[in-house]
Structures are given as C-alpha cells and as structure tokens.
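Student: Sequence:
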Amino acid sequence: MKELSLHLCRSVVASAYTGQTFVIIDSTPTFYTYDKNALFESHSKLQGFATYINRYSHNITLSHDGAYALLCDTKKNRILLIDMQNKKLKANIPYSKAPNFALFNQTSEYFIISNSVGNITIYNTDTLAVMAQLNIPDELRTVTFSDDDSKIAIAAHNKKVYIFSVETQKLLETITFDEIVEVLSFSKENTTLLTFSRKGNVTLYSLVHKKMYSAAPRSQWPSTLAHTQNKEVVLVGTRGSQIDIYTTSRGNKLGTLHFDYWGVTSIYATNECVLVGFSDGNCIILNIQEEIQKAQQALDENRIGILAELCYMYPLLFINPEVCALINEKYKEIFSFKAQSDEQALGYDALISFIIENDTKKQELLTFIYQSNEIVSFMQEVECGNFDGACENTYKFPVLRQLREFSEFRTICHRNVSEEIELLEKDPNKFTTYREEKTHNCTACIYKILTNEETLKRVYVDFKKAVQAKNYTTMLDLATKFPSFKQTRLYRRVMSYGEALIDKILLMMQSDHIEEATKYAVMLSKIKPFEKTGLDFKEQITHFMTLEQASKKDDVLKVFDLAEKNPAFRTTKAFQQQLQNYQNKYSLAKVQALKGDVAACKIILGDYFKVEHFKEKNLDILKIALLHEIKHFSPKESEKKFLDKYHEYFGWDEMYDQVCTFLQHTANTIKKLTPVETEYKELQTLIEGEKVKNKVIKKKENKSEM
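Counting from 1, one number per residue, gives the positions in the sequence shown under the numbering used here.
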C-alpha cells in the first residue's frame, strides 16, 4: 500500500477531494490544496475568524466534493459558507446562541447547522433556503442523513438519538442508549442505524423491528466517521491511533488500520485512496491502487486464498465498489473456501461478513452452513452452554461466526469483560466471587476476549504498578496483550492526560509560547502511545524556531528551504514577512528593469532571485530587463540579432512583441512551452560587444528636431 505524508500547521479538521486536488482545513483555520501525490499547491488563511477550534469539534466541515466549506464562528454567532472553487464568501448567516455544528449531506445539496441549545436548521446549499427547522432538548453531538436524504438521525448529549423526517419535520422516533453516541450511520437501505458510543460499544438498531443488537465492539473512543463510495461500508476514526472498517447493515467489523500518530481528526475516502488527518497536523494518504489490481486478478483467477490474505492485510479494499462487486459475484466460491492459515482465516471472515450484507446471499450462506457437518457439533455445544467448545468450532469453521448464536455469546463475553474489569478496579475480592459464581466460564478463550482469573488478577497488578510508576511502555505492552485493560479507568486516565497535553501544545503554539509548547511536547513523547506524536511536535517546534531565527537574520534561502520542506510554515508571520520583503524589492527592481539594467535588478533582489518560490516573477522581471536593455542599448544593426537570441531563450510573449514593434522589427510568433531554465538564471546580458548609450534619448531628440 502506497503511503504519502504531508503536514499542516495545526490539527486537521476537514478534508475532501475535488477529483483533481485534496482540499484540507486545519484548526487555525487555513485552507490548503495538495495534488493526489501529496505535493503542495496553495494555501490561504481565513482572516477575522475569532473562534478557537478544538480538533475534535464539528465547527468546520467541507462538502463531499470539496466545493464548499462551512465554518461556525461561535464567538460572533454566525455561519460562513465559502465557495472553495472561487475562494469567495458565498454567505454570512447569522445564527444565535453559539453555533457549533456543521455538516453537508453526501450530495452537498443540503447542509445542517446546530447550536449549543439544540436548535437545528437545514439549508439548501445553492439557494440558502431553509428546508427544515428542528429542536431537541439537549446539545447535539452528531448527525447523519439517510442515503435518500429523507431522514436525519441526531445524537444528543442526553444519550438519546432522535430520528426526524426531513420533509415533514416530524419526530419519527426517539432511541435511548446507555452511553453518549459519538458517531452514527444509516444503512444503505435505511433499515438500520449503526451507532458508536464513547466507551466503545457498537449497536445496531433495526428501524423496522424496533430492536437493538450489539455489533462487533471496539476499544477506543470514536472521533469521526466517513462514508465511502461503497455505501455498505463506513470508516470510523478514534481518539487513539486506529481506524475501524464496518458494514452498515449488520455492524460487522471488516478490519482495522493502525497508525503511529495519535488522534484521528478527519477521514476522507475515494474509491482507491483514503486521506487521514491527525491531531498534530500530520496527514497520510493511503493509496490502494496496486492492491485493487491484485485483488481483481485473484478474483478473476479464483484464487480465494490470495484474496483472503489481501483483505486481511489491506481491509481498505472494501471501500472500492468494483472489487466489492466482484466479491459478490464470486460468493459461492468464497463460501466453500477452506482457510490454510490464520491470515487467510481472518481475511475470509471479513469477506463473509461483507457478503452477507446482502439478505439473499445471507440466506444462501445459512443454507450452506446448515447443510454442513460442522453445524451439528456447534449447536450441541451451544445447547450445553459450552462456550469453549462452540468457539473452537467457529475457529475451525469460520462461517459459523455469522450465526446469531455466536454473536449472542460473543456479546455476553464482551459484557462479562467489562463487568470483570470494573470489579477488578473497585474490589478484587468481589471479582473473585463473581468468577466463582459464573455459570459460563471459559477455561481458555480461543479469541483472547477473556483471560483466566489468576492471570487476569496478576497482570492487572502489574498493569496498575506500571501506570503508577509512569512506565508507559510496559502499560502499553500489557494493554496490547490484554485489550480489555483499555477499558480500565487507569488506561483512560493516561489517555486523557495525553490528550490534554496535545491540547496544551496546540494552544501554546497558536499563541507563540514556544518554550511552553516544547516542555509539553517532551512530556507527551514520554508516554508510549503518544511517543510519535510528541516527537513530531518537538520536530515541528525546532523547525519553527529555526525559521524564526533565519527570518530575523534575513537568511532568505534558509527560510524558503524550510517552507519547501514544511509547506505549513507558509502560514507563519515570519514567512509572510519574507513575502512582503520580496514585494518591496521587486518594486525597486522593476524600476531598474524598465531601464534595461539587468545587473541592478539581480543586486536588488539578492538571494530572492535564487528562490524557487519566486521563479515565475523572477523570470518575468529578467525578461523585462533583457528586452529593455536591447531597446535602450543595442546598436541598430544588431537589434534583430539580439531579439532573435531572446526568442531562442523565451519564445514569443507580449513584451517581446511590443519591443519588436517599437524597434520596427517583425516578431517571431512561435511560443515556447518552457524557457531554457538551466541557463537563464545566469544571464547578465544578451548584447554582445559595446552598448550604445542614450539610444532612446537620441531617437526622441531626432524626432523632435524633425
């Protein structure tokens, strides 16, 4: 999988792809554009925006096609709608009581705004007409539109989800949860609602049967959700270092992506790549073009084993509609496949989980399962309440994991883990009693969900000691080996501490308190899960200080070299000052260029003439100087020769045409696509031999005498 990196000044809060370029917004807020190869194109900082943007807030969003941006200016009680194509403010919408949430629907036809007291308005993007006005009794947490835009689901801080009809504006249903829902999504057919809660619980609610089911759980606090072009799949980012891939109709988990950076703040998916933005301003573009081709080849050749391995290693394959269509076509071959390794088994499980999103294929799978010999042993173990035996059967014959019975006792296991961890933290004696009284106690969990009593108690003591001693490496190793420890208050406390340090670093950097930012970055780098992010912040700060020093010393080449390596530095005051300095020098140099003094132009511009950032403007001023040198100082008999020489370098342009007309020579109208760049920077003159002084003045004098 090809991975490209880029970096912004602050946390990435929104991203989109126009079909040509990636549009990204950070929390300053500054708008950036990069091409598909992660090469910087442009940036522009929004002036007069007073609101501080938290990296996990929903104050800023982009339309799916990158054509529009919405910004909630909470301090000024207004919404800014920006036309990104023309870089113009399309609308300044007053909105009372601190607007703090903005979102476009998938087609960008509508957008939704909400404030701190639960007032919600849906607008038409083109006309700004109000399409609906809704109210809920608490502050909104997140929103999702149904695929046909007929319904809207609103999660609030009161642990409820409200479903409204967009057309009638009527409340259709209120669903109560045990925890705050952080992100959610309708299924493709709008028959189910998939929700992700703060503690990691994943719930599937049937809008048809009005029933709630536990889906595949996760261990990290969800932060953002991105829909994909394959409408059966969503990507869920975390306030940690991972993205989980889920199906929307059944809540099946297809895979997980792990990163070195902490805090996924933005995700955008095309059919062959995903852009992931992080707390510290890092962005990663994951391109799966090669993997898509390999998967298509494996499907064409019926090599299901290779396909399963690819799906295990690169679960992003499920975002590609073409690959998914081929998987659905080959479902019978996939059903009958027997995995030969753990990697194949896990990839095969993901394939089956995806295929049964289709109800018809699910029925065929169930028929296939119930005709197999393995179902008999599995059902016997289930009836006896032997979870150990049932899980062992599913491990050997993975399609059994798609049965309702397996989902039910796996859900019980995950709930048991939560209860055990809670008891272990509060009272170890009660934990022992609880274990003794349990009727269903696995001896050795094949899926490593549960751990035996003695091991769990012993390891928890080690885990607690590691946290208290701030031995974060050991803490992380134990939490990785025993994922249930990520649900402990101790682990969450450390994560909250790391999150708080990130907030402090960002705040200090924004207010130019560099020493304090450095101190917090050092502290952050000592916490193992945040180590990479902390070191990255330290590197950013070091580069920033180098930039400041170079700017103060007028070390132009150093400033622009740093800005080339770190495009986000183009937003800094130091860089902007260098742009202003260049503009001042350019104005002075142009006066000399019109006099035909090439050497004076280069002396005035100094090192700025060597900077790639000003290549086009420097080329323009050099051309002006060279042409006016010919105009003012070339001997009459050599004018044509020197003009032809100019044309060899640069081809036809308007200034060349004007000088040819003035000197009464016919211009060569052939244009050059690019100038001879390797040579033009060294040019001092095009005139060979002695220059004619005061040539133009003499011409004027002769004309006046006549």
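Mixed in with the good hints there might be a few duds.
[Said to hold, decoys possible] Here are the simulated lysine-lysine pairs, DSS-like style, with alpha carbons at most 27 Å apart:
#1 K159 x K188
#2 K481 x K553
#3 K90 x K188
#4 K528 x K585
#5 K538 x K585
#6 K188 x K231
#7 K470 x K481
#8 K160 x K88
#9 K470 x K553
#10 K481 x K457
FYI, nobody ran anything at the bench for these hints, they're computed from the structure.
Student: Hints first: check each against the structure and report whether it holds.
Tutor: Structure-based check of each hint:
A distance of roughly 24 Å separates the Cα atoms of K159 and K188; the hinted pair therefore holds under the 27 Å criterion. Among the hinted pairs, K481 with K553 is inconsistent with the structure: their alpha-carbon atoms are about 52 Å apart, more than 27 Å. As the CA atoms of K90 and K188 are separated by approximately 32 Å, the hinted pair breaks the 27 Å bound. A hinted pair counts as satisfied when its Cα atoms are at most 27 Å apart, and K528 with K585 does not qualify at roughly 49 Å.
Our distance criterion of 27 Å between C-alpha atoms is broken by K538 and K585, whose separation comes to about 35 Å. With a C-alpha separation of about 6 Å, the suggested pair K188 and K231 falls inside the 27 Å cut-off, and the hint holds. With a CA separation close to 18 Å, the supplied pair K470 and K481 stays within the 27 Å bound. Distance restraint check for K160 and K88: the Cα-Cα separation of roughly 38 Å exceeds the 27 Å cut-off, and the hinted pair is therefore not satisfied.
With a C-alpha separation of about 42 Å, the suggested pairing of K470 with K553 is violated against the 27 Å cut-off. Note on K481 and K457: the hinted pairing holds, with a Cα-Cα distance of about 14 Å set against a maximum of 27 Å.
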